[in-house]
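Make the complex out of the two chains shown on their own, each in a separate frame, by following the hints.
Read off the chains here:
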Amino acid sequence: MSDLALILCSLRSRWLGNFLSVALTGFGFMLALLILLFGHHIHKRLSADGQGIDVVIGAKGSPLQLILSSVYHLDIPTGNIPYEQAQIWMKHSQVKRAIPLALGDQWKGQRIAGTTLDYLELYAARIREGRVWKQDFEVVAGAATGLAVGDEFAGAHGFAPDGHSHDAHPYRVVGVLAPSGTVIDRLILTSVNSVMALHGQSVAEDDHEDHEHADEHEHHEHEDEHAAEITALLIQTKGPLAQMNLPRMINKDSALQAASPSYEIARLTGILGVGSQIFRGLSWLMIGLAVLSVFAGLAGNLANRSGDMAILRTLGYGRFRLAFMLACEGALIALAGLAVGTAIARAGFAWALSVSPVLKESGFAFDLSAPGVLPVACFIFIAGLCSAIIPAWKAAGADVSKQLSGF
Amino acid sequence: MSELLLKAQNLKLDRSGRDLFSGIGEVCIFSGKNLLVLGPSGCGKTSLLHILTGLLPADGGTVEFLGKNYSHISSAALNRLRGQRYGVIHQKLHLISHLSVYQNISLAFKGARKPVNKPMILKVLEELGLRERAFHCARTLSQGEAQRVAIARAVVHKPDIIFADEPTSSLDDRHTDAVCGLLMSLSERGGASLVISTHDQRVRDVFKGQVLEMQT
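Protein chains in written order, with our numbering: chain A, 1 to 407; chain B, 408 to 623.
Only chain B is shown next, with the shape it has when bound in the complex (with noise of 0.2 Å):
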């Protein structure tokens, strides 16, 4: 059976007077097991994957990570717990870009406070075709490389839940259809759980595991 991994409840948080998540009870990851969170532009799905991954405070609500409530520990533990635990792919704000495609994904095992896995990063660039690219600046790397990076650099450290914002957002259907795949197949051999937000209806179609739908 899989274990619960994260649980957020009663989960509010107001924008303009309005609470974005007035139709969401209970949001529960699962070791393993996908989430996708799908809705509209401006429903509060990055803001929704801000308070799971603790870079924003909810106005009311618990999150909890393995019973640990979010509000419980310091600061300290919680950027720990999000540089160990978790792997983060934004939207568009893939990589330091005065950074080499290396260090960017190195900075996985320092933010989780891991030695370095040089031979583990360069095997991940490989699977994604990016080997030859591995010590190139940042800046130099089109849209659609930068993303795969990021990919990378959310998946080295062998986190237990990856979160993914848009990840498909200005992908074309093939495009949509290999990052989705990557996405769930490194999930998978990894052994995390994967959590995708988006307003890309398209994802549904290749995405295997439980949908949280929201509403504006």
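Chain A extracted, bound-state conformation (with noise of 0.2 Å):
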């Protein structure tokens, strides 16, 4: 009979104590493996969805609100800034790349944004079907719309699902993007005309990428004509001295506001922070327990096994084989807690997806290879490796005679 033979023996004879071990330790991981995988997506995707940009200038109101709506399109806009104001800084010398934003529509909870094709090469996407907008009314649809090339459809004023629907205008689809794992996945884009015109503004033709079509803006819903608005413009500037002046500039000295993307994110998860240490302290907690009941079980078990280890001292094995032996039990159990723990996790996981399409959408992927998964699963061997050892200790330091005289 193998040493290996002999501690999984010795580990089946007390199943019970040694499965709430490693339901503990199973629990513990899960809950830190999904606390990871969730705080890894999320910077991920932030990371992804605010790549390029420096600044964003929009409507005076909050900050994070602004950068929430205009980057990650989580939000409702904090307003809409004259298009003639924002001219003046698309043309500033600090900046590289400025891109105008126009949001306010929306198809089935998807948001209508007219940009201009910037806004495509900044996330480097691809077009998996068709082609790009050239005339007003025309849209890509990103990778999760649902949208095909040749669909029809018309935009509903606001953000929420029941907003007045611009029946007359109907966009159509010429173009699909191919899937990015960015925000732009779940948006439908079009020139800023289309929304302008919608809305009864239009763009001076020298600004416009679409000033061929120009002629079309007569068949606007509203017939008076109001000054051109956007809803932001996302810069990027020409350098990280650019990127601290030029909100400063902007808020001192325009009736715009600027925000930063990075600082503005840094500030939410800061915020979100206290929810997931208290789940990652939870976890630890759950951790901790499984290593105290991996040393109680051991430890506690170690004089009704003291006979046993006896019987194999006399057999010839030496008192380090036994230490090992028993301390491979605690690594043993550890690992199988590392198992159940990542079996759950995904399982979790899975269900997640099933219940959740945005996440699901958003790219989210069980991926063990994560920050930080790594070195949690490894701690939790070495604890479990660890509560053994004072056991194994014990148990190598016994004296034999005394014990086998004992009985």
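Just so you know, these hints were derived from the structure itself, not from any lab. Among the hints, a few may not be true.
[To be verified] Computed Cβ-Cβ distance ranges for the label pairs, DEER-style:
(1) A/G300 with B/T469: 36 to 46 Å
(2) B/E533 with A/F320: 29 to 39 Å
(3) B/T469 with A/I382: 41 to 51 Å
(4) B/G588 with A/A299: 41 to 51 Å
(5) A/A303 with B/R422: 40 to 50 Å
(6) A/C9 with B/L529: 14 to 24 Å
(7) B/R520 with A/R12: 37 to 47 Å
(8) A/I390 with B/E433: 39 to 49 Å
(9) B/E539 with A/W284: 51 to 61 Å
Using N, Cα and C, we set each Cβ at its ideal position, and we do this for glycine too.
If you want it as structure tokens, here you go:
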């Protein structure tokens, strides 16, 4: 009978206590794993969606709201800004690239964003089918919108699905994007002028990429044309210095608001961090309890097992061989806990994806190579091993003669 | 002529200020020869067996196996020596209860660093009338069955010396004769020396070999 078989038999003989230790370790690891995976995914998505955007200019209000609405398309915009004023900053010497965003409509809850082709370039988007828009009311649909080339639909006003429908001016899908794992997967993109035209506005022809089709503006729903407005301006600056100076200048010298995505997201994750820290603390507590239970299981049973140890010593097993075998029991419990935790987390993950299409669309993956997973797993394994070391050390130092004489 | 396997000289073991082995000068175990250590309870028989098997260090004196002094070899070598050359039967602590009879016996081979000889295990169990119990859990055995399995474990890997501590302490006359007969026949067939320590005077009547009497 091999040492491993002996260890497994020993574990099986105390299956209930070991089962509880494995379950505790497993639940602790599952919780830690899911927190790490969610945290990593959110961080990855926030970084990908905010890539290349140094400053966002929008209407005065909450800077976080401005970032969430214009970069991540999660919140309601703070308002609109005059296109004329935005143009001043678009042409500023410290600005490398400026992308206008005109929001305000949606289709079945999916936002319609009026923008320029630079927006596609920003996210390195690829056209999976069709082409980019060339005329007003042509759209390119994100991969997760469910739209196909040739589809026609009418946008609805506002961000609630029951908004007033712009039935007189339907959009036509001319292109569909390949999945990118970024926010544009769930956006419907068109020219700035398309959105403006629906709301009784138009931009000056020289600033409008679709100037050839300016005559179509006659078909506005609203008879009276208002001054052109956009929702936000996404700015890529020429360097770190500009990234610092530009918001200060805009906030000081204009009626507009400038916000930095990196700063606001750092603030947001700081706020959300309290919740995740509580969960993280809970998972560490469970892991700690699991380690204690492994220790209690092995140490508490040592008295009962001292006879077995004594028999093995008389059969030629050395002190350290026995101590190693006992330590292996702790390590195996920890390993089993890790396997169980991974399996439960995998099942929980599959369930979360099945009930939340948003998670699926966002590219949430069960990625065990995510940062932090390996160190936590190593910690649990080492903790399991360490929890067995004290009982193993005691077993190694036991006086066999006394044990054998005591019976 | 028999070879001198084990030799213990001038052993000392202090217990409550008293040397348990003051009356013993030298203990020699020759190959194929048996030794009966006889004495009342508490005289130090079990301690002597533990010292001879290297489980307990003496407070003085020397123990040598084939000329190798226990105090000059490493603990790993001593463990190996015990596993390969000795078979030990304890008074009461016979088996590991959560293992099967077969697994308990196979431990003797693992301790001796030898490959497990399944046919040999089953043959010995057959001889002891326990073949059908081979794969039963040790905790389901009666005291007598457990003792016979412990005997099987002590002889199965063909050791040079078999040590048995109080093998008949809880047995009636008939079973005492049977166990002693079994131990002697198995050790004789395996070419091993048998060392029995007991307070049971009945053993003297059936034992063939040298007798060492200890006093309290």
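Right, here's what the structure says about each hint:
1. A/G300 with B/T469: 36 to 46 Å: holds (41 Å)
2. B/E533 with A/F320: 29 to 39 Å: holds (36 Å)
3. B/T469 with A/I382: 41 to 51 Å: Holds: the Cβ-Cβ distance is about 44 Å, inside 41 to 51 Å.
4. B/G588 with A/A299: 41 to 51 Å: At 44 Å between Cβs, range holds.
5. A/A303 with B/R422: 40 to 50 Å: With a Cβ separation near 24 Å, A/A303 and B/R422 fall outside 40 to 50 Å, so the hint is violated.
6. A/C9 with B/L529: 14 to 24 Å: Taking Cβ atoms as reference, A/C9 and B/L529 lie about 20 Å apart, which means the hint holds.
7. B/R520 with A/R12: 37 to 47 Å: violated (25 Å)
8. A/I390 with B/E433: 39 to 49 Å: holds (43 Å)
9. B/E539 with A/W284: 51 to 61 Å: holds (53 Å)
When the structure is compared with the earlier hints, violations turn up for hints 5 and 7 and for no others.
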